[in-house]
Amino acid sequence: YFALESCEYKRHFLSYQPYYSVILNIDLDHVDYFKDINDVINAYEEFANSSTKMIIANGDDENIRKMNITKDISYFGLKDNNDIIAKNIEYSKEGIKFDLVINKENIKTDDKGDKMMPIIGIMLFICAIFSCLMSFMTK
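My numbering puts the first residue of the sequence shown at 1, with every later residue one more than the last.
To be clear, the hints were calculated from the coordinates, so they are not data collected in a lab. Don't take every hint at face value.
As the list claims (entries may be wrong) - Quick list of in silico lysine to any residue cross-link-like pairs, SDA-like style, CA-CA up to 25 Å:
(1) K104 x D72
(2) K66 x D83
(3) K87 x D72
(4) K79 x L24
(5) K53 x G77
(6) K66 x T52
(7) K10 x I41
(8) K104 x C132
(9) K66 x D39
(10) K53 x Y16
(11) K53 x S15
(12) K10 x D61
(13) K66 x N103
(14) K79 x E45
(15) K35 x K66
(16) K87 x P118
(17) K66 x F125
(18) K53 x M134
(19) K35 x E62
(20) K79 x N68
(21) K71 x N42
(22) K10 x F34
(23) K97 x L78
(24) K93 x G121
(25) K79 x C127
(26) K104 x V22
As the list claims (entries may be wrong) - Just the calculated beta-carbon pair ranges, DEER-fashion:
(27) Y33 x F136: 31 to 37 Å
(28) D36 x H12: 15 to 21 Å
(29) K79 x F136: 15 to 21 Å
(30) N25 x D80: 17 to 23 Å
(31) Y91 x S135: 19 to 25 Å
(32) P118 x D27: 26 to 32 Å
Remember, it's a predicted structure, so these values are computed and weren't measured experimentally. In this text, a Cβ means the ideal position worked out from N, Cα and C, and glycines have one as well.
All chains, please: the whole structure from these sequences, using the hints.
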């Protein structure tokens with residue numbers, strides 16, 4: 001596998017048919033091209049439904065939840081309505097420590113049962129969560 005970050009501008013990402021699609025957020029961007037937020041959501045929806053295996057998406061993003069998805073999808077995030085949830089989050093100068101729950105089961109990767117990521121910032125943390133999920137889903 002390899003990861004590719006793709007751009008939604010002018011729907012360029014519709015040229016790809018990925019095995020897995022990871023969608024972190026949907027915002028109104030590229031207003032010179034997209035009519036409104038619904039146009040952006042529709043573009044992402046078309047992209048996600050072109051995935052051949054499944055979609056992994058940030059379930060905490062309200063625009064992502066508006067998509068009409070016809071493929072298998074797993075939502076990750078911090079809220080309890082997700083399939084993959086980061087809980088017991090502790091921030092420190094060394095990074096972020098958290099528990100990862102996948103389908104209501106705590107996933108342990110070490111003797112302590114917690115994870116420490118030497119990262120700072122919410123977007124890096126979200127990327128860490130979906131990275132854990134990808135490694136779990138593609139075993």
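Legend entry - Satisfaction of hint between D61 and K10, Cα-Cα up to 25 Å: holds (22 Å)
Inset, instruction - For the pair we were handed, K97 and L78, check the Cα-Cα distance against 25 Å. - result: holds (13 Å)
Legend entry - Given pair status - T52, K66, alpha carbons within 25 Å: holds (21 Å)
Inset, instruction - Sort out whether S15 lies within 25 Å of K53, counting only the CA atoms. - result: holds (17 Å)
Inset, instruction - Sort out whether F125 lies within 25 Å of K66, counting only the CA atoms. - result: holds (23 Å)
Legend entry - Pair hint K53 and M134, alpha-carbon separation not exceeding 25 Å: It holds: about 12 Å lies between the C-alpha atoms, which stays within 25 Å.
Inset, instruction - Take the C-alpha atoms of K66 and D83, compute the straight-line distance between them, and say whether it is at most 25 Å. - result: holds (17 Å)
Legend entry - Restraint check for K79 with E45, where alpha carbons must lie at most 25 Å apart: holds (22 Å)
Inset, instruction - Given the range 31 to 37 Å, decide if the beta-carbon distance of Y33 to F136 lies inside it. - result: holds (36 Å)
Legend entry - Whether the CB-CB distance between P118 and D27 falls inside 26 to 32 Å: Holds, since P118 and D27 (Cβ atoms, about 28 Å apart) stay within the stated range.
Inset, instruction - For the pair we were handed, K66 and N103, check the Cα-Cα distance against 25 Å. - result: Measuring from Cα to Cα gives roughly 22 Å; hence the hint holds.
Inset, instruction - Below or equal to 25 Å on CA atoms is what counts here, so check K79 against N68. - result: Holds. K79 to N68 sits at ~20 Å (cutoff 25 Å).
Checked against the numbered hints listed earlier, the structure breaks none of them; every hint is satisfied.
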